[in-house]
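Asks: This is what each chain is made of:
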Amino acid sequence: MTDLSRLSNSFLPDFSHIYVEEGAKDFPMAKDILKRLPNAEVIPVQDYKSVFNRSGQDFQAQKKSMKLILALKKDGFLYKATDVVQDAGFQNFYYTTPMLNCLYNCRYCFLQGMYPSANLVVFVNDSDFFDAARRELDSRAVKDEPLLLSISYSTDLLAFENIVPWTRKWIDFCKTNPDLMLEIRTKSALFSAIDDVRPVDNIILAWTLSPNIIANAYEWDAPPLARRLKAVKEAIAKGWKVRLCLDPVIPIPDWEHVYAEFIQMISKEIPAEGIRDITVGTFRMGRDFFKRARKRLPPSDVYYQDYEDRDGVISLPKNESAAIAEKIKGQLTDIIDENKISIWN
Amino acid sequence: MESKKPVLIITALKSEAKPLIEHYDLKSDTESQFRVYQKDSITLLICGLGKQKASESVSEFLQEFPTDYLLVNVGIAGGNPETTKIGELYLIQKITDEHTKREWFPDVLLKHGLKTSELTTVDTAVTNGSAGFKNLVDMEASALFEAGIKCIPAHRMVFLKIVSDAMDEAAFSGIDVSALIEDKISEIDSIIQIYQNADVWNSPILNDGERENLSAGTRTMKLTATQGEELKILAEGKKIKSGDLTDLWPKMEFQSQSKKERNDRFEQIKQFLSS
Numbered sequence: 573m574t575d576l577s578r579l580s581n582s583f584l585p586d587f588s589h590i591y592v593e594e595g596a597k598d599f600p601m602a603k604d605i606l607k608r609l610p611n612a613e614v615i616p617v618q619d620y621k622s623v624f625n626r627s628g629q630d631f632q633a634q635k636k637s638m639k640l641i642l643a644l645k646k647d648g649f650l651y652k653a654t655d656v657v658q659d660a661g662f663q664n665f666y667y668t669t670p671m672l673n674c675l676y677n678c679r680y681c682f683l684q685g686m687y688p689s690a691n692l693v694v695f696v697n698d699s700d701f702f703d704a705a706r707r708e709l710d711s712r713a714v715k716d717e718p719l720l721l722s723i724s725y726s727t728d729l730l731a732f733e734n735i736v737p738w739t740r741k742w743i744d745f746c747k748t749n750p751d752l753m754l755e756i757r758t759k760s761a762l763f764s765a766i767d768d769v770r771p772v773d774n775i776i777l778a779w780t781l782s783p784n785i786i787a788n789a790y791e792w793d794a795p796p797l798a799r800r801l802k803a804v805k806e807a808i809a810k811g812w813k814v815r816l817c818l819d820p821v822i823p824i825p826d827w828e829h830v831y832a833e834f835i836q837m838i839s840k841e842i843p844a845e846g847i848r849d850i851t852v853g854t855f856r857m858g859r860d861f862f863k864r865a866r867k868r869l870p871p872s873d874v875y876y877q878d879y880e881d882r883d884g885v886i887s888l889p890k891n892e893s894a895a896i897a898e899k900i901k902g903q904l905t906d907i908i909d910e911n912k913i914s915i916w917n
Numbered sequence: 258m259e260s261k262k263p264v265l266i267i268t269a270l271k272s273e274a275k276p277l278i279e280h281y282d283l284k285s286d287t288e289s290q291f292r293v294y295q296k297d298s299i300t301l302l303i304c305g306l307g308k309q310k311a312s313e314s315v316s317e318f319l320q321e322f323p324t325d326y327l328l329v330n331v332g333i334a335g336g337n338p339e340t341t342k343i344g345e346l347y348l349i350q351k352i353t354d355e356h357t358k359r360e361w362f363p364d365v366l367l368k369h370g371l372k373t374s375e376l377t378t379v380d381t382a383v384t385n386g387s388a389g390f391k392n393l394v395d396m397e398a399s400a401l402f403e404a405g406i407k408c409i410p411a412h413r414m415v416f417l418k419i420v421s422d423a424m425d426e427a428a429f430s431g432i433d434v435s436a437l438i439e440d441k442i443s444e445i446d447s448i449i450q451i452y453q454n455a456d457v458w459n460s461p462i463l464n465d466g467e468r469e470n471l472s473a474g475t476r477t478m479k480l481t482a483t484q485g486e487e488l489k490i491l492a493e494g495k496k497i498k499s500g501d502l503t504d505l506w507p508k509m510e511f512q513s514q515s516k517k518e519r520n521d522r523f524e525q526i527k528q529f530l531s532s
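The listed protein sequences correspond, in order, to chains A and B. Residue numbering for the first sequence follows this note's numbering, starting at 573 and increasing by one per position. Residue numbering for the second sequence follows this note's numbering, starting at 258 and increasing by one per position.
Note that these hints are calculated values from the structure, not bench results. Watch out, some of these pointers could steer you wrong.
[Claimed, not checked] Pulled from the structure, derived: some chain B residues nowhere near chain A, Cβ distances all over 12 Å:
1. D297
2. F322
3. T353
4. E360
5. H369
6. V379
7. Q525
[To be verified] Computed from the model, here is a short list of chain A residues facing chain B with C-beta under 7 Å:
8. F583
9. L584
10. N611
11. I615
12. V623
13. N625
14. Q629
15. D630
16. A633
17. S637
18. D906
[What the hints assert, rightly or not] DEER-style ranges, computed between Cβ atoms:
19. N784/A / E279/B: 51 to 59 Å
20. K508/B / Q836/A: 26 to 34 Å
21. H356/B / N784/A: 52 to 60 Å
22. K498/B / K715/A: 32 to 40 Å
23. L463/B / R706/A: 48 to 56 Å
24. D521/B / Q663/A: 44 to 52 Å
Since we're looking at a predicted model, the values are computed, not measured. We treat Cβ as the ideally placed atom computed from N, Cα and C, and that holds for glycine.
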């Protein structure tokens, strides 16, 4: 669904302004981005945090005209993943944040509770990220397992590929580092931006899919289901084995019927042999992010359900989320082997 | 018809305020401790010259009248003749405080059609030419922003500066400040209208009446602060899901005689709001 107020012609287009950190402006990636957005007003800043972290920002207002911030990442290039992220059994599991924030505005997304700003930060010192990944690969705890790295944790990297080719850069890096396993999770329809890349075994392209009714109500500004399915099919046709993420499953009224039809649609549209695996999860969010996101207007019913607080993570009651996941899993076994379905609840 | 959204215009000088007072037909509030003029949705505050007066005046005003304003600072500024033009109006996108080096950024979300500039706020007037200042200089903006941002979000803070000199005027006496503002009054008014009509104003989930009812019920039932907060969140959820809280208020007209009674009724209300 599109946030209709964004279409009102009173708002400036996204990226009408680009804030450029003093040290970042001469990096090739920064120059490339500025060339791609020649009409943007460029505003120099001493430190990106003075724009991104300032007080008095309104996340949802800013979503109507997002600005871009080009900066240098100084430290914290790779983070050990938290329990809220799906790990698929990997012990060396990390995430990285080459960008902060997302083009989309999903109502259930933790980003609106995590960041004070809706503006997008792009870190342009790519080689520092790759150096850090090499170091972590060499020092990883479990040497006989690859290092799983989620590169789209705090953003949807592929959705932004036409402006910042971060996904392609990570793919190139991954090709020469076989001990690295990359997960690129997206809701984007922009597979075309990387469709010339030959499939790589140690890269997982993962699409988050939701029934249309859910996508319309909760996944604002994300491509509709049909376009995401088209991108998935294009990837499979090029030889990729994709991961499908039904996450979060949202138990709207009549959800069992809605998801049954949705899964039937997936089975008709997507060739089973092209599916690497499927993950299923229900809504969960860190307590502090949840409280902050709930305060941000306009309100969403996502933040007003009967949740429980499980060690600082707000989720559906354990038995309820388990029942939902099991039901979905049962429906998915018509498409794929049970051992290729992972549950997160 | 929905009333117009509230606007707080701030000028440093009376001569900057004069054309705005006349244009909006504002009346002086002679009983106020502030130099304030008002009519309908427009309030104008004259804060005085310099950062300290600007900061004190705006902080105190917003503390006394914590309204969800659009803040518009209108004033003259010195301009570097290589990048700005005397008499031109600029919308400010970045404010740097010369003394603290701190940077402030009004969020520019709406189409405005104006020329834009960065601005440096200085402690003392620059009268020896524009050396060192690439764009505009004034003496209040950083302090106004710092004071205003405590109450007003960055996307509803607008700084409009009209170039009065090339930073080479020793005194304002040689400048017809009012004429400079008067000349740009239609652009200023147009910006105010753009903001008043745009979707940049949040509506809380519970309206004023519902918040009052909730507070009154919380007092009547002698709920604890934690219970009151829990009830507010549940009431918001109920409103989002059903759109209506009419059935809640009679349930809160309950004077409990004991903690147990209060807690039992509280649980009943929670169940009702969760249903």
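Asks: All hints are to be evaluated individually against the structure, with a verdict given for each.
Replies: Hint by hint, here is what the structure shows:
no.: 1; hint: D297; verdict: 22 Å, holds
no.: 2; hint: F322; verdict: 18 Å, holds
no.: 3; hint: T353; verdict: 9 Å, violated
no.: 4; hint: E360; verdict: 5 Å, violated
no.: 5; hint: H369; verdict: 8 Å, violated
no.: 6; hint: V379; verdict: 18 Å, holds
no.: 7; hint: Q525; verdict: 16 Å, holds
no.: 8; hint: F583; verdict: 6 Å, holds
no.: 9; hint: L584; verdict: 6 Å, holds
no.: 10; hint: N611; verdict: 13 Å, violated
no.: 11; hint: I615; verdict: 5 Å, holds
no.: 12; hint: V623; verdict: 6 Å, holds
no.: 13; hint: N625; verdict: 11 Å, violated
no.: 14; hint: Q629; verdict: 6 Å, holds
no.: 15; hint: D630; verdict: 4 Å, holds
no.: 16; hint: A633; verdict: 5 Å, holds
no.: 17; hint: S637; verdict: 4 Å, holds
no.: 18; hint: D906; verdict: 33 Å, violated
no.: 19; hint: N784/A / E279/B: 51 to 59 Å; verdict: 56 Å, holds
no.: 20; hint: K508/B / Q836/A: 26 to 34 Å; verdict: 44 Å, violated
no.: 21; hint: H356/B / N784/A: 52 to 60 Å; verdict: 56 Å, holds
no.: 22; hint: K498/B / K715/A: 32 to 40 Å; verdict: 52 Å, violated
no.: 23; hint: L463/B / R706/A: 48 to 56 Å; verdict: 53 Å, holds
no.: 24; hint: D521/B / Q663/A: 44 to 52 Å; verdict: 50 Å, holds
Violated hints for the displayed structure, listed by number in ascending order: 3, 4, 5, 10, 13, 18, 20 and 22.
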